[in-house]
Amino acid sequence: MATVSVCQYHPGGFSFENCKRNALLEADITKLGFSSPAARKTGTTICGVVYKDGVVLGADTRATEGMVVADKNCSKIHYISPNIYCCGAGTAADTEMTTQIISSNLELHALSTGRLPRVATANRMLKQMLFRYQGYIGAALVLGGVDCAGPHLYSIYPHGSTDKLPYVTMGSGSLAAMAVFEDRYRPNMEEEEAKHLVRDAIAAGIFNDLGSGSNIDLCVITKGKVDYLRPHDVANKKGVREDNIDGRPVTGSYRYKHGTTGVLTKVVIPLNLEVVEESVHTMDTS
Amino acid sequence: MSEESFTDPGWLSEEVKTGTTIIAVTFDGGVVLGSDSRVSAGESVVNRVMNKLSPLHDKIYCALSGSAADAQTIAEIVNYQLDVHSIEVEDDPLVCSAATLVKNISYKYKEELSAHLIVAGWDRKKGGQVYATLNGLLSRQPFAIGGSGSFYIHGFVDAEYRKNMTKRECQEFVVNALTLAMGRDGSSGGVAYVVTIDQDGAEEKCVLGNELPKFFDQ
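Protein chains in written order, with our numbering: chain X, 4 to 289; chain R, 667 to 884.
If we strip away everything but chain R, and leave its shape as in the complex, we get (with noise of 0.2 Å):
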């Protein structure tokens, strides 16, 4: 019987990526994000309840994909500008205003960095906005999915999102897209976090594995 050679294995030595179902809807009043929570080093889960909603300001979230590190940094750094740009407006920022400082940094570096944001909230001005940053660009849509986990879902969500549905059937359907991601992904697992933002607050919940929507799974 040979000795299995000691190599390092590659989780050691492997960037921790959050391959990732992340997901920003809007509907009439606010907007309803949701990501799953699973973290992983190479083929090893580092961490399983992993919260990838982070909060830029009260009422402004962003879902966090691609490597760990990267998108974990660029939240920081925006939030730490959001709280100056607050203080010298002496308002809420705008949605908008979060977006574009997280765009700035993704174009300046985007060499460097791997890590997409989605950056959704609700303010005075326009009310609930969904905006996609991927590699640099700022683009406001009415939903936005990204992360490993999201190329299972485009037909999902393209087919079953309507205009103007109500805050109830929006938690639904961002649940039910996570769980079908979550179920064909295998960087994608774990719980789910849903994070509802209108004109109250941002209301965070955590839907445990068992009592995600149970869809055809021979």
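Chain X extracted, bound-state conformation (with noise of 0.2 Å):
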């Protein structure tokens, strides 16, 4: 049973040791009037769907910070392994780090069995560590992939219960997303409509649910092939400052004409300085 993995095993699950002294320290720092620094979660909508030929995942690209936006165009989709991708919701610190360490052991047991990685492999692995952190690690995932089996699709709660489904929906606007796959759902689409799909179910997180935004990032994975595409859709763009400098159209730019402020009066006072001493030093670059 034992792999090769970078992970220390920890007998006896989670130590709650620590728990006690954080609740005091929040009851100090409130005491104080200021507040715990806010985990930075990405309030979110992340779904996938299984087609003919493989897995579309889809994510939006708003990462919150409380009521603030805090990354405008993060990257929800993340690698686990060649033919293995996963979309992850909740803390963005946990999601980060819990997908790069399942992703290193994936790749050390790939290298151990010498076969490209199953989903169920991944699924196992992140499912058994979430469950030994009891929850306290805020990651919902949505795993995708093709593997020697075919296309498989997971959903993943923090506290470790997993399942198989041909279509997923996680996140704050999970719900919305979830509305879209019922009513439009097939076995067996095509890629295109698949992306369609897809598409419109992260538009109707981000256009009805706070804490998702920004632009939809897609990932079709069918067997032999990953397609990448961030951003798929930029669903919020931008507007453009436009200024004009002179007839040249210039974005954003606080310089103002010549002849915006009136000048009254212009006095010149010429300086008289004496160069006392002029050296020149070279750096030394070697």
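Please note: incorrect hints may appear among the correct ones.
[To be verified] List time: in silico EDC-like cross-link candidates among lysine to aspartate or glutamate, alpha-carbon distance up to 20 Å: (1) X:K55 <-> X:D230; (2) R:K791 <-> R:E742; (3) X:K55 <-> X:E281; (4) X:K167 <-> R:E838; (5) R:K871 <-> R:D824; (6) X:K167 <-> R:E870; (7) X:K167 <-> R:E681; (8) X:K226 <-> X:E185; (9) R:K833 <-> R:D866; (10) X:K23 <-> R:E870; (11) X:K23 <-> R:E838.
Hints in this document: simulated from the structure, not taken from any laboratory.
Join the two chains, each given in its own frame, into one complex according to the hints.
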């Protein structure tokens, strides 16, 4: 059962020693009037669908920190292995690190077995790690890929439960996206239809959920090929500030035309300065 | 018009539970297990077609209820342990062994886990058996029900269960019980999965929502 892995095996489950300390610190900080730093969440819409030849994964690109957008174009579709990709919702750091750890372990495992890794293996590794941390790792994932047994799609929840389904959505915008799926999903769709469906589902999440926004990223995984389309659809184009300086259009410039401010008086005073010493030092760039 | 403040909806952080109805009944020559298919996180249904009847071995199944993560993990661990055990004894494992393995985990971690598994199957020694493992007890029973929806059908199963039913009657009994529970329990619903285990093996069946029997429903 033991495989070479980056992650150290912890016997006896999660150590809750620091939770009490954290609770005390929280209480102390609040008394002083400060608030502990908020974890950056990807209040998100992510989804995936299995179609005829493979899997299409989709995600929005907004990362929020409380009520402020921290990153307008973050990448939520993470690489696990050449044939497996994973979308992540929840705490951004947790999804990032969890997928990186499992990607690393899976690469070692694939070298050990000499085969392309299976999606079920990645699913097992992810769920066992998340269960070990009893939901304290806030990572909700949509895992999809194509292996020797065909295309597979899993949804993985922070507490460690998984579901294997033909279409899944996760994140704060998941209800909006699921509504689109439940209406238009058919088994064995063509690639263009599947991409269109995922794009519409993410768009539903973007426009109807405050925590999702910006662009739509798509990842199409088939046997032997991965199309990482980032961005697939710029759903929210930022307007362009136009200025004209002497006839040239300049974007977002704060320079004003000559004559905007009227000149009342102009006084020129030449300063007579003596050059005392002039030396040139060459910099040693060896 | 006030804008709704954006706080993460409850189901984002809520643990995923299988608010459930599960049932296992012995008949002359085997067992029938049944479950609904709804998995909820808070007020939202996250999976409406989950098969909660999980195989532990060829002729031993368990029905999952409670926390989805805990139940899935217990079933996977026991599946692995039974595999090793059956290789060691060079024979199919007994249902009692499977139930004991489940009971051991449920009892040892009873404070941390919140899952209830019903273990049922067929072996050569004692035929069809059903074991309840709630909270770490191990109890062999002619039939067992579990999950949030089971509270609504205690009366029904107590009244309608008869010893030595045929396989057909037993399957009907299980489907009726599931339908009644799904009709009254908000956290149970979807389709009904039925697994019949006898000496020839396990047969899985899925009864879709519109094929379920109709009861009094104004």
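Each hint, compared with the structure:
no.	hint	verdict
1	X:K55 <-> X:D230	holds (16 Å)
2	R:K791 <-> R:E742	violated (25 Å)
3	X:K55 <-> X:E281	violated (77 Å)
4	X:K167 <-> R:E838	violated (28 Å)
5	R:K871 <-> R:D824	violated (25 Å)
6	X:K167 <-> R:E870	holds (18 Å)
7	X:K167 <-> R:E681	holds (18 Å)
8	X:K226 <-> X:E185	violated (26 Å)
9	R:K833 <-> R:D866	holds (13 Å)
10	X:K23 <-> R:E870	violated (47 Å)
11	X:K23 <-> R:E838	violated (52 Å)
Of the numbered hints stated above, those contradicted by the structure are hints 2, 3, 4, 5, 8, 10, 11, listed in ascending order.
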